[in-house]
Amino acid sequence: MSNVYHLNLLQPEEHLSSSPIRLRVMLPMFALLSALGVGVWWSVLAGRVHAVTQQKSAIEANLAQLKPTHETVLGLRTEQHDLTATLEQLAYYTRAQLRFGPSLQALAHHVPDQIQLTELHIPPPPEPPPPDPKNPVWGPTNPIERVTLRLTGRTTGASQVETLLRAFRTEAFTNLIRSAQIPKGAYRQDTTRRGAAKETLLFELNCECALRRFE
Amino acid sequence: MSLNTSIIHKIAPSMQRSILITLGGLMIAGAMVFFLVLPARARLQTLAAELNTLRDTLATVRADIAGTEQQRLKTAEVRSKHDALVRSGVLQPLLNSFAMRGKSLLDPLAQQTGFAIANVKEDRFLRLQVPKQVPLHLYGRQMIEFSGQGAYTSIVNFIALAEERFPLCTLAGLKIISQNQTPETHKAFITFEWPAKGEKRTP
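From first to last, the protein sequence lines stand for chains A and B. Note that the numbering used here has the first sequence beginning at 1, numbered continuously upward. Note that the numbering used here has the second sequence beginning at 216, numbered continuously upward.
The shape of chain A in the complex, shown without the other chains:
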């Protein structure tokens, strides 16, 4: 009978695993492969950067080539916009025009015989407000302008003035004159003339014309 003895002279840390995958080989390989992988990743990215840069340069070159032609088109477009804006500004003016001629011509036919007009006054447009230095603008901001017509004259009776007032409500004037009124205290005794002065009244008549709308 024989006894078999197994002698284990290895230290515990000298034991080797029976697995074919050895950690002391695999770990460095994994690390080096990671570095290699990152290197490949970077080279792919660098390649793409290069490709995109080339595409960008090609498009830039193309744009530079097209620039003169494009500037011509842009110039034409700018000119069109500017001319349209000018036309629009001039349209503000034309839309705000009032025609006085026909109404003033008609007035001669509607003034009763017993009325003598001494003055006809359409005041010119008022001065625009001074520009605000804090908020400079290219033009007036108020698009509406009031127009008035004032008539002064002599008459022998208030009824004649009423007749004239009624005439202003007829279609010969309504295109221009929106309202007409005799202001309070408009009738005064004419003291400048002798003789018939007692019978003569001075009067005043105020008319509001259509608004001038610069819009």
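Read the hints as simulated data drawn from the structure, not as lab findings. Possibly wrong hints are sitting among the right ones.
Said to hold, decoys possible - In silico EDC-like pairs for lysine to aspartate or glutamate, Cα to Cα no more than 16 Å straight-line:
(1) B:Lys347 x A:Glu215
(2) B:Lys412 x A:Glu88
(3) B:Lys347 x A:Asp82
(4) B:Lys336 x B:Glu360
(5) A:Lys56 x B:Asp271
(6) B:Lys415 x A:Glu79
(7) B:Lys390 x B:Asp338
(8) B:Lys347 x A:Glu88
(9) B:Lys296 x A:Asp82
(10) B:Lys390 x A:Glu204
(11) B:Lys412 x A:Asp82
(12) B:Lys402 x A:Glu119
(13) A:Lys67 x B:Asp279
Put chain B on the given structure of chain A with help from the hints.
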């Protein structure tokens, strides 16, 4: 804090080398990610965005160029409208004077209607309201005052004829004063306005 190195000494030298190489490799990989990959990705993103913008610009430019002829026609059409309107009565100074121009335009009408012009005076220039898109050349209202005398019918016929002949001419002010000595002849101060080119705006 103290590092217990006895554990390291217990590891076999081959394993120590392996750990060192692993750590070194990982550090290199990390450094490459940090210093190469991430900047390259950022650069690529920026370039891709720039490329997209450039592609859009190129598409717009090509579309613009393709519409050149159409644009030329549109501009010509607007220019012709503009020129026609300007020719129809935008006031241009004569010998550097709007009053001279006004006189030259309206003198024949005054003679035709019997209104005797005594004096022509360049009055105010009022700025005109501007549209949302401000034009490069701004227009305004140039006023010119004509003073003179005539019968009421002469005066108003003169006004009516001026309005008819010059469509952009507008009566802006009027004062007719009767005179005791000459009941049929009145003094008149007639202010007409025309659109006129004003200041040029700096774009």
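These are the hints, each one checked on the structure:
1. B:Lys347 x A:Glu215: holds, 11 Å
2. B:Lys412 x A:Glu88: Status holds; Cα separation ~14 Å.
3. B:Lys347 x A:Asp82: Satisfied, since the Cα-Cα distance of roughly 12 Å is no more than 16 Å.
4. B:Lys336 x B:Glu360: Between Lys336 of chain B and Glu360 of chain B the Cα gap is close to 5 Å, so the pair holds against 16 Å.
5. A:Lys56 x B:Asp271: Holds, at about 12 Å.
6. B:Lys415 x A:Glu79: holds, 15 Å
7. B:Lys390 x B:Asp338: Satisfied, since the Cα-Cα distance of roughly 15 Å is no more than 16 Å.
8. B:Lys347 x A:Glu88: holds, 9 Å
9. B:Lys296 x A:Asp82: holds, 13 Å
10. B:Lys390 x A:Glu204: holds, 15 Å
11. B:Lys412 x A:Asp82: holds, 14 Å
12. B:Lys402 x A:Glu119: holds, 10 Å
13. A:Lys67 x B:Asp279: holds, 11 Å
This entry satisfies every hint, going by the numbered hints stated previously.
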